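Visitor: Below, each chain spelled out in residue letters.
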Amino acid sequence: MSVTPRPGDPAITAELVEDHGLSTDEYQLILDLLGREPTYTELGVFSAMWSEHCGYKNSKPLLRTLPTKAPWVLQGPGENAGVIDVGEGLAVAFKIESHNHPSAVEPYQGAATGVGGILRDVFTMGARPIAVLNSLRFGELDGPSAGRVRYLLAGVVKGIGDYGNCVGIPTVGGEIYFDASYEGNPLVNAMAIGLMKREELITAVAEGVGNPIMAVGSKTGRDGIHGATFASAELTEESEAKRPMVQVGDPFTEKLLLEASLELIRSGHIVGIQDMGAAGLVSSSTEMAARGGTGVDIEISKVPVREPGMTPYEILLSETQERMLVVAKEGREEEVRAILGRWELDAETIGHVTDTGNYVIRENGAVVVEIPGEPLVDGCPTYTREGRENPRITELRSWNPSELRPREEEQDPAWALFTLLDDPTIASKRWIHEQYDSTVRTNTVVGPGSDAAVLRLRGTRRAIAATTDCNGRYVYLNPYRGGLIAVAEAARNLVCSGALPRAVTDNLNFGNPLKPEVYHQLSEAVRGIGEACTVLETPVTGGNVSLYNENPAGAIYPTPTIGMVGVIEDIDHVTTLAFGEEGDTVILLGRNTDELGGSEYLKAVHGMVAGDAPAIDLQEERKLQGALLEAIRSGLIRSAHDTAEGGFAVALAECAIARADSPVGVEVELEDDLPPAPLLYGEGQSRVIVSCSEADADRVLAHFAASGVEARRIGRVGEVKGRFRIVTREAVIDVPVEAIARTYYDAIPRRMDGRPIDVATALDSEVFVP
Amino acid sequence: MKIGVVTFPGSNCDYDCYKAAREVLEAETVYLWHGDHDLKGVDALFLPGGFSYGDYLRAGSIASLSPIMNEVRAFADAGGLVVGICNGFQILCEAGMLPGALIRNRSLKFSSKVVHLRVQQSVAPFTSAYEVGQVLRVPIAHGEGCYIAPDEELDLLEAEGGVIFRYCEADGRITEAANPNGSARNIAGIINSGRNVLGMMPHPERAVDELLGSVDGIGLFRSLAEHLVASPSSS
Amino acid sequence: MAYQVEIRVVPRQGILDPQGKAVEGALTNLGFAGVGEVHVGRLIRIDLDAASIEEAQERAHKMCRQLLANPVTEDYDVQVIEQAETAP
Amino acid sequence: MAYQVEIRVVPRQGILDPQGKAVEGALTNLGFAGVGEVHVGRLIRIDLDAASIEEAQERAHKMCRQLLANPVTEDYDVQVIEQAETAP
Ligand SMILES: Nc1ncnc2c1ncn2[C@@H]1O[C@H](COP(=O)(O)OP(=O)(O)O)[C@@H](O)[C@H]1O
Ligand SMILES: [Mg+2]
Numbered sequence: 001m002s003v004t005p006r007p008g009d010p011a012i013t014a015e016l017v018e019d020h021g022l023s024t025d026e027y028q029l030i031l032d033l034l035g036r037e038p039t040y041t042e043l044g045v046f047s048a049m050w051s052e053h054c055g056y057k058n059s060k061p062l063l064r065t066l067p068t069k070a071p072w073v074l075q076g077p078g079e080n081a082g083v084i085d086v087g088e089g090l091a092v093a094f095k096i097e098s099h100n101h102p103s104a105v106e107p108y109q110g111a112a113t114g115v116g117g118i119l120r121d122v123f124t125m126g127a128r129p130i131a132v133l134n135s136l137r138f139g140e141l142d143g144p145s146a147g148r149v150r151y152l153l154a155g156v157v158k159g160i161g162d163y164g165n166c167v168g169i170p171t172v173g174g175e176i177y178f179d180a181s182y183e184g185n186p187l188v189n190a191m192a193i194g195l196m197k198r199e200e201l202i203t204a205v206a207e208g209v210g211n212p213i214m215a216v217g218s219k220t221g222r223d224g225i226h227g228a229t230f231a232s233a234e235l236t237e238e239s240e241a242k243r244p245m246v247q248v249g250d251p252f253t254e255k256l257l258l259e260a261s262l263e264l265i266r267s268g269h270i271v272g273i274q275d276m277g278a279a280g281l282v283s284s285s286t287e288m289a290a291r292g293g294t295g296v297d298i299e300i301s302k303v304p305v306r307e308p309g310m311t312p313y314e315i316l317l318s319e320t321q322e323r324m325l326v327v328a329k330e331g332r333e334e335e336v337r338a339i340l341g342r343w344e345l346d347a348e349t350i351g352h353v354t355d356t357g358n359y360v361i362r363e364n365g366a367v368v369v370e371i372p373g374e375p376l377v378d379g380c381p382t383y384t385r386e387g388r389e390n391p392r393i394t395e396l397r398s399w400n401p402s403e404l405r406p407r408e409e410e411q412d413p414a415w416a417l418f419t420l421l422d423d424p425t426i427a428s429k430r431w432i433h434e435q436y437d438s439t440v441r442t443n444t445v446v447g448p449g450s451d452a453a454v455l456r457l458r459g460t461r462r463a464i465a466a467t468t469d470c471n472g473r474y475v476y477l478n479p480y481r482g483g484l485i486a487v488a489e490a491a492r493n494l495v496c497s498g499a500l501p502r503a504v505t506d507n508l509n510f511g512n513p514l515k516p517e518v519y520h521q522l523s524e525a526v527r528g529i530g531e532a533c534t535v536l537e538t539p540v541t542g543g544n545v546s547l548y549n550e551n552p553a554g555a556i557y558p559t560p561t562i563g564m565v566g567v568i569e570d571i572d573h574v575t576t577l578a579f580g581e582e583g584d585t586v587i588l589l590g591r592n593t594d595e596l597g598g599s600e601y602l603k604a605v606h607g608m609v610a611g612d613a614p615a616i617d618l619q620e621e622r623k624l625q626g627a628l629l630e631a632i633r634s635g636l637i638r639s640a641h642d643t644a645e646g647g648f649a650v651a652l653a654e655c656a657i658a659r660a661d662s663p664v665g666v667e668v669e670l671e672d673d674l675p676p677a678p679l680l681y682g683e684g685q686s687r688v689i690v691s692c693s694e695a696d697a698d699r700v701l702a703h704f705a706a707s708g709v710e711a712r713r714i715g716r717v718g719e720v721k722g723r724f725r726i727v728t729r730e731a732v733i734d735v736p737v738e739a740i741a742r743t744y745y746d747a748i749p750r751r752m753d754g755r756p757i758d759v760a761t762a763l764d765s766e767v768f769v770p
Numbered sequence: 001m002k003i004g005v006v007t008f009p010g011s012n013c014d015y016d017c018y019k020a021a022r023e024v025l026e027a028e029t030v031y032l033w034h035g036d037h038d039l040k041g042v043d044a045l046f047l048p049g050g051f052s053y054g055d056y057l058r059a060g061s062i063a064s065l066s067p068i069m070n071e072v073r074a075f076a077d078a079g080g081l082v083v084g085i086c087n088g089f090q091i092l093c094e095a096g097m098l099p100g101a102l103i104r105n106r107s108l109k110f111s112s113k114v115v116h117l118r119v120q121q122s123v124a125p126f127t128s129a130y131e132v133g134q135v136l137r138v139p140i141a142h143g144e145g146c147y148i149a150p151d152e153e154l155d156l157l158e159a160e161g162g163v164i165f166r167y168c169e170a171d172g173r174i175t176e177a178a179n180p181n182g183s184a185r186n187i188a189g190i191i192n193s194g195r196n197v198l199g200m201m202p203h204p205e206r207a208v209d210e211l212l213g214s215v216d217g218i219g220l221f222r223s224l225a226e227h228l229v230a231s232p233s234s235s
Numbered sequence: 001m002a003y004q005v006e007i008r009v010v011p012r013q014g015i016l017d018p019q020g021k022a023v024e025g026a027l028t029n030l031g032f033a034g035v036g037e038v039h040v041g042r043l044i045r046i047d048l049d050a051a052s053i054e055e056a057q058e059r060a061h062k063m064c065r066q067l068l069a070n071p072v073t074e075d076y077d078v079q080v081i082e083q084a085e086t087a088p
Numbered sequence: 001m002a003y004q005v006e007i008r009v010v011p012r013q014g015i016l017d018p019q020g021k022a023v024e025g026a027l028t029n030l031g032f033a034g035v036g037e038v039h040v041g042r043l044i045r046i047d048l049d050a051a052s053i054e055e056a057q058e059r060a061h062k063m064c065r066q067l068l069a070n071p072v073t074e075d076y077d078v079q080v081i082e083q084a085e086t087a088p
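Residue numbers (the working numbering), protein chains in the order written: chain A, 1 to 770; chain B, 1 to 235; chain C, 1 to 88; chain D, 1 to 88.
Because the hints were derived from the structure by calculation, they are not lab data. Model, not experiment: these values are computed from the prediction. Hints should not be assumed to be uniformly reliable.
[Stated by the list, open to error] Computed footprint of chain A on chain B; a stretch qualifies when at least three of its residues, placed anywhere within it, have a C-beta under 8 Å from a C-beta of chain A:
1. 107-120
2. 216-223
[Said to hold, decoys possible] Partial chain D-side listing against chain B, Cβ under 8 Å, derived:
3. Q19
4. V23
5. A26
Note that beta-carbon positions come from the ideal geometry of N, C-alpha and C, so glycine has one too.
When you get a sec, could you build the whole thing from the sequences and use the hints?
Guide: So this is what it looks like as structure tokens:
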């Protein structure tokens, strides 16, 4: 076969190569590989497959260091989603995915299509999606850029909600932080979880020479061409101009695809199925072939298109949503069409599997692409960059809390608490998750608002728990510790809910890896994550890397979001953070410390980001989690909540006001010989507030003592709408719990509701209101 | 007793309805396909929640024209019991089988939470298992649940005892604050003048299991079953 | 003949129009002067082949009655223009 | 002077329009012949007081840029007509 450039294709120049994000060395590699100059179309193919997004150029060597194996891991990294065994013949597929750059450009569609993509990754494994979580980062909701942030937040939340709600998958949890470092470059990570019988697991391979390859779902348009390379470049003024046609989500078609795909997979008429995600047809077809060790031969003119005059280049790279690539068994096309037809979907046979190992694209018979498949997928050069910490950060870390002078207002010990409860990063996220249908499919035992979401597994006494966590400020101040803590907190949140942590999907959101200071953050954070995942026995089954997250002010906080899934053996073990009955005993697990570094208190009260991230001892953490899970399983624990942003005082408040309409009072006393700020608001790790009945208190304390975990009785739960009271050596906080609740629940609504942006969003017009 | 749940393209609570009917009533329950003309001899019909055809025009408008809706209408005209929940309610209004219309929530936002409902009357076939004035805790999850109709229509509806559920406070008071979507007169659920077609925005099928926080939806299924047993359906 | 049908669907007078209300408030919030009543409706454009403009008209009205407008809450009007026979 | 502003917002050419697609399918299923492309947009009517028609025009465009239309995904046009001075 000879490859003929198409008439009208631009000549391959150094500029063109550079515009495609390929270095001269990489281009040389391509020349050697082909033994000739690539066609324009081939150049596009390489640029997509060798982009950061598909090729993991700068992260692969680091990712290889992560633990990925355990007896319960059925599918590790490399597939559309990871899969773990959750017992009784059931398996859970889950994966997290970022849509940061699309959301920065068009928050509503960017977030919506992010959810769509991750759902497809899960159901193409044969699993029915049962839950979605989302991990979000925005700039500040107060101050100069608040207008822009409101616009992004409102659009992203509506995009996630409208999509998930329409498809009918409950959005059950997530996390959100507001910090100036994310201004102009918000983070939108979506995690999907699916359920299947073990034997229903299917992987996306193109096997069986001669098997037909079918394009299913929406017609291909010019949407998001080069989204993959777009996602691998910094956001600049130009990128606004270079912006491809925005991808628009069509959740209705997604719902049809979901039902049809599951039917197809169960039908046995197909051998493989994959989402046409980033780099659309190119990545899906090449990756399926590579996994099958086969080749593909595709006639591009057969691909159904939405617009006239689309070139092979455009069709191959289009990122039109709600499309799938299906490899059917030879001679079963009609059966496949019948199933799809029932769901009002079309399928076109666009090519077939070959044994040449080559990736071949034809246009009306003429070969426009012929590339050896294996190197195209796995031959992307990977780099281990040099990392060097930015000295500014080394210095920040050395800041010593004892230099801190209290503010005037802190004369009133309650002032800082109210300031923190009104801080959007800490405050209730109800404004957000009330826009998400969290109860559809009737499996949601614990929805948004507790440490982790809990979903029952019908037909068993089991349930699964899921959470996403990452404090980017910790990672910024100390990437290694930050990585450890992200994993430890996720596991702690699962344990607090009664679950045994099982596996991780991670989303590495970082800046430009070519900057030594950023690469340092990346490699150190991954080192921490790997270590914590090993000690806590939660292997990484997949994830996503999003680099070049920068704005004119520099890189975002390094944000390796950890999505974690755990298993609850018996539904009776499900535990939440909400205090139970009046008179229950409140017990603190773990040790209070003198740490203030990287705390929300420093930022919200003193406007400072400084100090070292809190110290963490994984062995202590492991002991704590093991003992807590035992206590929960033995039925002694009525509520459990770990301390996180805002420290002990905020955590205690969250337990008291978890039931918004009937907050309960609480009175505790802390004898620690520590200054009020670190004692009340420091973010020392490995601490959990639990409550139990007065009668069980001694047994609970004995249990933890026996397990070598520090535990002490600190107070009792009060009456509904009673007082919220914390007594320390130096300060007393004593306020009506309803006041606490009001501040906590109004913080975000009072910043969002009734503003023009609210309306723009409602109109789906999404316009930036300055 | 045989219960049917209609699946339209984009229905997503059909499974929940099916499960609820199965588990609460232990009744034979079957899915019915929007494109079919066959009700498989069911005694009662559920039009479930979801986003039929994406609700891309008006919620429920396209589904209300599905082939099976002819049979549904005939079934109702013959006295058959039809329950439309959320999107199902919207479809019934769009089909003209219930008065009024459901428009965008006053807040313009999708609203997903547990609300309180006041039972306006305890009558067969849908609410005999409840007390008048009983307060139920039931989830809502909708963006277009604001019930409206011309005033005279509303007066007529009230006069006929067509209002079955109203949004209320935990203690049963009917207040503006308790109205999650701006519905006229806090209306959450209505029946037709024939008293055999019910439409409601809240999701009783999501409130049939202690584990998920409420069992207040069970009464609706029980009432329906009692009625069917007492007077086997004509269809 | 190829016709371009434009259908405008608006909330009926006196019927609650939350979107209109919200836009009204927002525009005033943004400091726009002289804003009175605002109504938000739907605009539907259809490429329609028909024998004559009357037929196109008639068919478009039928579409509105059957699907495009809700008789309980909305009013509509139909405009049909002949399409220039230039290739797309 | 009282003006009646009518703003029509439609999905930008070439961008996916799921609403239009759904309506197109529905109309065809209902047996309407000759239905080609369908697009669904927004119609916004505003009663606006302004010194002149130019001012009304200019203000309406500003409203679109700031609130009513999405420059990334939508096109819009503005029509202003003088209002008969009859009381509402
Ligand atoms: N973007 C979001 N979407 C849905 N739920 C959210 C979101 N952000 C936070 N939540 C919910 O709010 C609660 C508190 O979140 P967070 O403070 O991150 O908990 P934790 O500190 O225990 O990880 C959690 O139940 C979480 O699921
Ligand atoms: Mg927590």
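Visitor: Each hint needs a verdict: does it hold in this structure or not?
Guide: Here is how each hint holds up against the structure:
no.	hint	result
1	107-120	holds (count 6)
2	216-223	violated (count 0)
3	Q19	4 Å, holds
4	V23	6 Å, holds
5	A26	5 Å, holds
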